[in-house]
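Just so you know, the sequences run in chain order A and B.
Mapping to my numbering: the first sequence position 319 is 319, numbers consecutive.
Position in the second sequence (from 1) plus 579 gives the number in my numbering.
Derived from the structure by calculation, the hints contain no laboratory data.
Quick caveat: nothing in here was measured; it's all calculated off a predicted structure.
We treat Cβ as the ideally placed atom computed from N, Cα and C, and that holds for glycine.
Hints are supplied without guarantee of correctness; some may be wrong.
[As the list claims (entries may be wrong)] Some residues of chain A that are not near chain B, with every Cβ distance over 10 Å (derived): (1) Thr-30; (2) Leu-109; (3) Ile-234; (4) Gln-405; (5) Ala-470; (6) Leu-572; (7) Leu-579.
[Said to hold, decoys possible] Using 16 Å as the maximum straight-line C-alpha spacing, the simulated EDC-like pairs for lysine to aspartate or glutamate come out as follows: (8) A/Lys-23 with A/Asp-238; (9) B/Lys-592 with B/Glu-663; (10) A/Lys-419 with A/Glu-406; (11) B/Lys-592 with B/Asp-650; (12) B/Lys-592 with A/Glu-188; (13) B/Lys-638 with A/Asp-429; (14) B/Lys-592 with A/Asp-429; (15) B/Lys-638 with A/Asp-123; (16) B/Lys-592 with B/Glu-641; (17) B/Lys-592 with A/Glu-477; (18) A/Lys-23 with A/Glu-122; (19) B/Lys-638 with B/Glu-663; (20) B/Lys-592 with A/Glu-122.
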Amino acid sequence: MTLALHGLGVSRGIAIGAVHLLKRDAPEPTERGLETDEIESEVERLRAAVAAASDQIRSVLTRIPADAPGDIGAFLDAHLMMLNDAAFTGEPVRLIRERACNAEWALALQRDALMRVFSAMEDPYLRTRQDDVRHVVERILRVLSGAAPVAHDKEGENLHGLVIVAEDLTPADTVQLQQAGIAAFAIEHGGPTAHTAILARSLGIPAIVGLPNLRRLLRDGETIVIDGTAGVLIALADEALLRFYRERKRQERRYQTELIQLREAESLTLDGMAIELQANIELTADFASVRRVGARGVGLYRTEFLYMNRTTPPSEEEQFETYVGIFREMDGVPVTIRTVDLGADKLNLSWQRTSASAVNPALGLRGLRLCLHEPELLIAQLRAILRASAFGPLRMMVPMISTLQELRQFMAHLEEVRKELRREECEFDESMPIGGMIEVPAAALCADTFAAALDFLSIGTNDLIQYTMAIDRDNEEVSYLYDPINPGVLRLIDCVLQAGLRHATPVAMCGEMAGDTRYVRLLLAMGLRSFSVHPAALLEVKRVIRRTSLESLASFGARTRLLESCAEVRDLLSELEAL
Amino acid sequence: MSSLTSTITICNKLGLHARAAARFVQLASRFESEIRLIRGSREANGKSIMGVMMLAAGKGTELALIIEGSDAEEAMVELVGMVENRFGESE
C-alpha cells in the first residue's frame with residue numbers, strides 16, 4: 001500500500017532516495033546535583049561547549065560558497081550572536097552556581113524560560129523564533145553529550161543522494177547537509193517562513209516541511225519520493241509510481257539542461273523575429289547570476305542600493321566609479337541605468353529635509369518627484385551617469401514620471417549638466433538615449449506625449465498594477481487584486497505599446513510581469529518586443545520566445561482589447577499556451 | 580557625552596526577527612555608547628540579540644531608542660536609518 005503524506009512543499013523539485021532518519025538530537029536533560037567543589041569545573045564545561053558550538057557554526061560559515069545568497073550567512077550569523085549572548089553565556093552559569101546543578105539542566109531551564117516568552121508573543125512570525133532558541137540550545141547540548149554535529153551523524157558514511165528525515169533542522173545543519181550531498185529533506189516542524197524553508201530554496205534542495213510524526217512512519221533506508229513542488233512525500237511506492245516519478249524527474253532535468261543550453265542561443269521567435277531580452281540588476285551581487293544566464297544587456301540597473309544604509313548620499317565620484325564598473329563586470333553589453341527611485345521614507349535623517357512619516361509612501365514624494373525636490377541629489381547622479389557614458393553603451397531612464405511638466409524640469413536639469421560637462425571638457429556620450437518608466441496610470445494614458453518626448457519607454461508593471469488597481473501591496477486584504485491580467489492593467493499596457501508604435505519609440509517592460517513565463521505570449525501578441533527580467537527568469541522566458549511564432553499570435557492582439565474579466569484573460573492565456 | 584532619545588517604528592514586514600535583530604545588534608555594537616530599546620514597561624540592551632528579539636516588536640511596533648555616550652549622535656542616525664530602511668529587506 002502506497003503511503004502519500006501531504007505537507008508544505010517549500011522548495012521545488014523531485015527527489016527519489018533512501019531515507020536517512022536523523023536521530024533525536026540529544027537526550028532531554030535531567031537534573032544532577034553537584035558538590036560545591038564541582039561547580040566551577042561545570043561552569044568551565046559549559047563555557048567550553050558554547051565555544052565549541054560557536055566554532056561549529058563558524059566553520060560552516062567559512063564553507064558557504066561565495067555566490068550563495070546573502071541570507072544563508074545572515075541566518076548563521078544570528079545563531080552565532082545568540083550563542084554568545086548573555087542569555088546563554090551568563091544566565092546558565094548563574095543557574096549552575098545558584099542551584100549547584102549540571103550544565104545541561106541549567107541550559108534546559110533557561111531554554112524553557114526563553115521559550116515561554118516567545119510562545120506568548122502575539123506576532124506569529126516572531127513566535128516561531130522560539131525555534132532559534134531551541135536550535136541554539138540543542139547545539140550546545142549536543143556538544144555537552146559528546147554527540148557529533150548532525151551532518152556527521154552517519155559516521156564515515158556518505159550522505160550523498162539520501163533523503164533526510166528529521167524532526168527539525170537548524171539553518172547550519174541545512175547548509176552542512178547540502179554540502180554533504182543530500183538529495184532532499186522532509187521535516188516534522190516548520191512553515192513556509194521557517195529559516196530552514198528559506199534556506200532550502202536558496203540552496204536548491206527539494207524540501208517538505210510540516211509533516212507531523214513523520215519519523216514514526218518511515219524506516220531508515222526505505223526508498224521514498226519527495227515532490228517538493230506539490231508538497232507530497234510518497235513511501236512504499238509501487239514500481240509504476242516510481243516509474244512515473246523517475247520520468248518526472250528526468251523531464252525536470254531535461255528542462256533544466258535545455259535551459260542551460262539556451263544560454264548562448266539567440267532570443268528569436270520560431271518565425272525568426274529578434275526579441276530583445278535583457279536582465280534586471282538590483283545589487284552588485286547580481287552580476288554573477290546575470291553572467292551565468294548569458295544576458296546580452298541590462299535593461300534595468302537599479303541605483304537605490306547606493307543610497308541605502310548610510311548617513312550621506314553617495315558622491316558623484318563614488319557613483320561614477322560604480323557605473324563605469326558595470327561595463328567591466330558585464331563585458332561591455334548595453335546597460336540602462338535608472339536614476340534613483342527612493343521614497344522620502346527611505347532616506348536617512350541627516351540629509352533628509354522632508355517628513356519621514358508619510359502615511360502612504362508609494363503615493364508620496366518619491367522617484368522623479370523626490371529628485372526634482374532635491375536637485376543636488378539629481379545633479380550629482382546625472383553628472384556621474386553622463387561621465388560614465390563615455391566608457392560604454394549606456395542609456396538612462398527616469399522612474400515615476402507622472403506629468404510632462406516633470407519631464408521638462410528633468411530635461412532642463414539634464415541640459416544644464418551637459419553644458420557644465422562641456423565647459424569642463426569632460427567627455428560624455430552626447431547622444432545617450434534618455435527614456436522614462438511608465439508606471440503611473442496618468443503617464444500610461446498620455447503615453448503618446450512621452451513617446452514623442454523620449455528615446456524609449458519602459459513599463460514598470462509592479463507599480464503600474466498597484467496604482468491602477470488602487471491597492472496597497474502590503475495590505476493582505478486587497479492583495480488578491482494585485483494581478484497583472486486585470487483588463488484595466490492590460491489596456492494601459494496596450495496604450496503604451498500603441499503609442500510606442502505610432503512614434504517609433506521602443507517600449508520595453510521591466511516589471512515582474514515580463515519575467516513570468518505565463519504572460520510572455522500574451523505580451524508578444526500585444527506587441528511587446530523588449531523584455532527585461534530577473535536573471536533567474538531569463539532563460540525560461542527565452543525558451544518561450546523560441547517556441548513562439550509571432551504569426552500565430554497575429555489574431556490575438558486585437559482580442560486582448562476586448563477582454564472584460566480576469567477569467568476571460570485566463571481563457572485566452574490557455575489558448576495561447578496551447579499554440 | 581550626550582543622551583538622545585528617539586521614537587522608532589518597526590516597518591519591515593516580519594518585524595524585529597532574528598536576522599533583523601542580528602543586523603541591529605551588529606550595528607549597535609560598533610558604537611561605544613550605551614544603547615537601550617524600550618517597549619512599554621520592557622527594556623532591552625540594544626547590543627544583546629536575545630534582548631532585542633524578546634521585545635517581540637512586530638511590524639508597526641513603536642519603540643523608544645535611547646542612546647547615551649560619546650558617539651550617540653552618529654549611532655542614532657545610523658540605527659534609525661537602518662530601521663527606516665527595513666533592515667535592508669525588500670519588504
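ask   = Okay, which hints does this one fail, numbers in order?
value = The structure conflicts with hints 8, 10, 11, 12, 13, 14 and 18, although it agrees with all the remaining ones.
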